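Asks: Chain residues, written in single-letter form:
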Amino acid sequence: MSYTIEQIAHALGATALGDVAVTVTGVREPADATADDLALAMKPEYAQKLSQGSARAALVWDGADWQALGLKAAIVAPRPRYVMSGLSTMFDPGQGWDEGIHPSAVIHETAQLGENVSVGPLAVICAGARIGAGSVIGPQSFVGTDAVLGEQAFLREGARIGARVVIGDRFIAQPNAVVGADGFSYVTPDVSGVERARQSLGDQGDIASQSYVRIHSLGAVRIGDDVEVGAHSAVDRGTIRDTVVGDRTKIDNLVQVGHNCVIGTDCLLCGLVGLAGSVKVGNNVVLAGQVGVADNIFIGDNVIAGGGTKLLSNVPAGRVMLGYPAMKMDTQMEVYKYLRRIKRLFADVADLKKAVSKPDQVD
Amino acid sequence: MSYTIEQIAHALGATALGDVAVTVTGVREPADATADDLALAMKPEYAQKLSQGSARAALVWDGADWQALGLKAAIVAPRPRYVMSGLSTMFDPGQGWDEGIHPSAVIHETAQLGENVSVGPLAVICAGARIGAGSVIGPQSFVGTDAVLGEQAFLREGARIGARVVIGDRFIAQPNAVVGADGFSYVTPDVSGVERARQSLGDQGDIASQSYVRIHSLGAVRIGDDVEVGAHSAVDRGTIRDTVVGDRTKIDNLVQVGHNCVIGTDCLLCGLVGLAGSVKVGNNVVLAGQVGVADNIFIGDNVIAGGGTKLLSNVPAGRVMLGYPAMKMDTQMEVYKYLRRIKRLFADVADLKKAVSKPDQVD
Amino acid sequence: MSYTIEQIAHALGATALGDVAVTVTGVREPADATADDLALAMKPEYAQKLSQGSARAALVWDGADWQALGLKAAIVAPRPRYVMSGLSTMFDPGQGWDEGIHPSAVIHETAQLGENVSVGPLAVICAGARIGAGSVIGPQSFVGTDAVLGEQAFLREGARIGARVVIGDRFIAQPNAVVGADGFSYVTPDVSGVERARQSLGDQGDIASQSYVRIHSLGAVRIGDDVEVGAHSAVDRGTIRDTVVGDRTKIDNLVQVGHNCVIGTDCLLCGLVGLAGSVKVGNNVVLAGQVGVADNIFIGDNVIAGGGTKLLSNVPAGRVMLGYPAMKMDTQMEVYKYLRRIKRLFADVADLKKAVSKPDQVD
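Protein sequences appear in the order of chains F, H and S.
For the record, in the first sequence the residue sitting at position 269 is 269 according to the numbering used here, with numbers rising by one throughout.
For the record, in the second sequence the residue sitting at position 264 is 264 according to the numbering used here, with numbers rising by one throughout.
For the record, in the third sequence the residue sitting at position 85 is 85 according to the numbering used here, with numbers rising by one throughout.
For reference, chain F alone in the conformation it holds in the complex:
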């Protein structure tokens, strides 16, 4: 990959300054950059690091005095973090896999592959599966019976798409991602202690040991366009209807999406997030790392939940939540502040008790 500064700026819709014919073959942090790299000096604090490297060209913050920084050329963008998307796409070396269908892949004769589909070594594509044009089914990955993948799907090594799962275009599955595991759904012959404890908020009633029987998952998973699922993440099948993930929603590594969940569009679910069964998530929701959501909860549009938040009840649209138990973030931050002073409060109250019972001995 080799581009001039002018080509890059043009592709990114950014402004090229200086000797725009300078050619670069990679992008690097300022201190690591060679003369052939575009340095990423997107904030003033990176300015000094430029002198530690040998960059001739850099992506700089709006208003940077790039010539004073010793650069021959610069790319300026009003929101440099945003142009990182296009820039990183241009320079992504990819996985380096061979194109075409590897002879070791096991593809059922009834599976349908679109044009220019690549299938890596030791991948399995089951009966009736349909793979959209331009897709890459990576090494050792799996596409189940009657599953449907849209165009330009990209399955990394070991990703697994279960039977009857339907996925839109431009889907990305990271290594070992699983879509379409069975839901975790069991029932006891009689009302269980859990059912009673939920009703009473803590009392499971008379304890009677029971065994669980399995409720099979008859639904599948339906995923929109431009969705990504991270390494070791799991999206379970629905019980009767499908589990749903909306367009452009991105799921990080080690995320659990339980059966029957319906997730809207443009959401971010970060690492180790867990959604129990039948959670409904609106659009443009962000759940930070290790957030947990109890079953049957509704989360409104544009909700943001900070790292580790446990959502045990419905959350209205637009709320920014934090903590366990979850509260509005500003309230929670205040509670945290008070908790740090709680020892002093106990001492004050002890003093007050003494003072009030013996009002003449206040100290």
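Mixed in with the good hints, there may be bad ones.
One copy or two, it doesn't matter: identical chains are merged, so the pair holds either way.
[As the list claims (entries may be wrong)] In silico SDA-like pairs for lysine to any residue, Cα to Cα no more than 25 Å straight-line:
(1) 72 x 241
(2) 337 x 81
(3) 337 x 17
(4) 328 x 296
(5) 72 x 21
(6) 280 x 205
(7) 72 x 207
Bear in mind the hints are in silico, worked out from the structure with no lab data behind them.
Only a predicted model underlies this, so the values are computations on that prediction, with no experimental measurement involved.
Let chain F serve as the given structure and place chains H and S on it in line with the hints.
Replies: What follows is chains H and S alone, placed relative to chain F:
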């Protein structure tokens, strides 16, 4: 799959009402149901949705006026959620994999397969492994050296059973489940800061950097009958004795069961639960999503822990626990309530201090 | 495996006592030990259990009266837990896989394998990958394009090493471990609600729904010597520079290490730990199970964080942290103690308010 209402009710031990010869080929939620589906209207709140669909027959709640709901036939059960188990079993389309042993599977010549065992494409079965009759070893799954699986095991794609693991009958492993990873067990030459901080509850003493050496896992994993392990879950080998999972215990996705754990019968471990090493869990225990249990903790029979609970000390039988730090659920709910009022409390105490120091100026 | 007590003690640098010619073929817990086992009675509380088994020899605690315990021979070590490392190594039966290169493995012609490398059935090694001498590339595992593994790597079944990842010597990957998934990195065209809520600690400002575009991961992962990565753990690629894991750091199961993280040497990351992007972890840090670390946080050397701790701000070297929000462990334990008495505190303040407003009616 096609059944009459009479056949279904009979199989479920439920009551068929109306035109019991009506035939259905699937089950659906009320609003989605066609004339060929059995609608699931198990609670009065689903009644209205029936009119949005075209169901002729439904599974209804006890006492429902099914004729008034426009149905030709109905199945009534005292606990509809329970009959969902049998019903979903009858209608489960399964994974659609071919029977028999796929030629691409790699099966060691010393492995023993019972009658009617199916082995999917690109599965591996190692030396000395024994697979019970009627088992399905799914595509790309793995059974290690000398591992034993009982009858009717079902390994989904990519499930991995390590060497010498012994599992009972009717085991289910979801995609990419791992049984028999090595325990996470390391030791420093001298007493470590962690060992000292645990003793002192917070003081790690003089800090001396040390490196860890590995303690190998010589034990295996022993799993009872009717156990299920979810996608991306891991049950680690024991150090000397085996890690044990009791009969009928169900493990959801992304669960960690550490080395030497002994889990009783009829437990539910929900998504992202983590058991550190040597945890002992009784029978009929339910750990909700993202519960964590510190190492060497004992959890009594019939304990229930709500979502996100961190159990850092032993829990007596029958307790319903919540929170971090874990308390009895009702106590914790009370603490939560007080926390929401803590700002007011600080203000009250400030007022009191003023009032007490200047008793004539109470406002 | 068969060793005399003398051989074992010699190998461990421990002291052999009694009939040091006694031969053992395994190690067991005291109650389970046969005459051919070395019993592990490393603490006085195991003494009684010895009589339930038939051990002739045991690893005992320093100062144990081994003859009174009915033993013919004993091994004494000042820190028995430490010698468990060497002992478990001696007796580890391993995975029992065949040596050599299995014909079903798919190895690219440009991959370079050192001497005595074994490759299991259905493993994939991509173009340009280099595998150090003595390595074992397990069944169904994966080594990506231009990835480098040092000497004596050991990849369990289904482990996946992505393109361009570079790993030192003696690396261990548990089943389904993933190194080199893409980072979870997205950006919106305009400043997002999350960016604003972080700045304001809770206010996301005017809500404007935006879609995310992907920032590709151009960096790789660089891992030192003697590192282990657990089952279902994920170490993501860096965005520009590499994600780094230092020498001798051990990562348990289901751990997420986000893009750009730099982890020092001799750390332990326990099960279900999550590091968001660009976290910097010093040396000799221990993060217990389910610890979470927010992005861009710095954790100093020798920090210890207890189970479930959420680190949302920088942690100075040597701190022992606990809880959510994280505090110093001793402070947090104190807060927990006060929380358990908070109901009483509210009642006291209510009493005080009554008493102060009607000072003559204190009860």
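Asks: None of the hints should be skipped; say for each whether it holds.
Replies: Hints and how they fare:
In the homo-oligomer, the alpha carbons of residue 72 and residue 241 lie at most 25 Å apart only across protomers (23 Å), although the nearest pairing inside one protomer, at 59 Å, exceeds that limit. Proximity of residue 337 and residue 81 under a CA criterion of 25 Å is satisfied in neither setting, with 33 Å inside one chain copy and 42 Å between copies. When the C-alpha separation of residue 337 and residue 17 is checked against a cutoff of 25 Å, the pair qualifies neither within a copy, at 49 Å, nor between copies, at 59 Å. Taking the shortest Cα distances, residue 328 and residue 296 sit within 25 Å of each other both inside one copy (20 Å) and across copies (23 Å).
In this assembly of identical chains, residue 72 and residue 21 lie within 25 Å of each other by CA distance solely inside one copy; the values are 10 Å within and 78 Å between copies. With identical chains, the CA atoms of residue 280 and residue 205 are at most 25 Å apart between copies only, with a shortest distance of 24 Å across copies and 30 Å within one. Proximity of residue 72 to residue 207 under the C-alpha cut-off of 25 Å is found in neither arrangement, the shortest distances being 77 Å within a copy and 40 Å between copies.
Hints 2, 3 and 7 from the list above are not met by this structure, while the remaining hints are.
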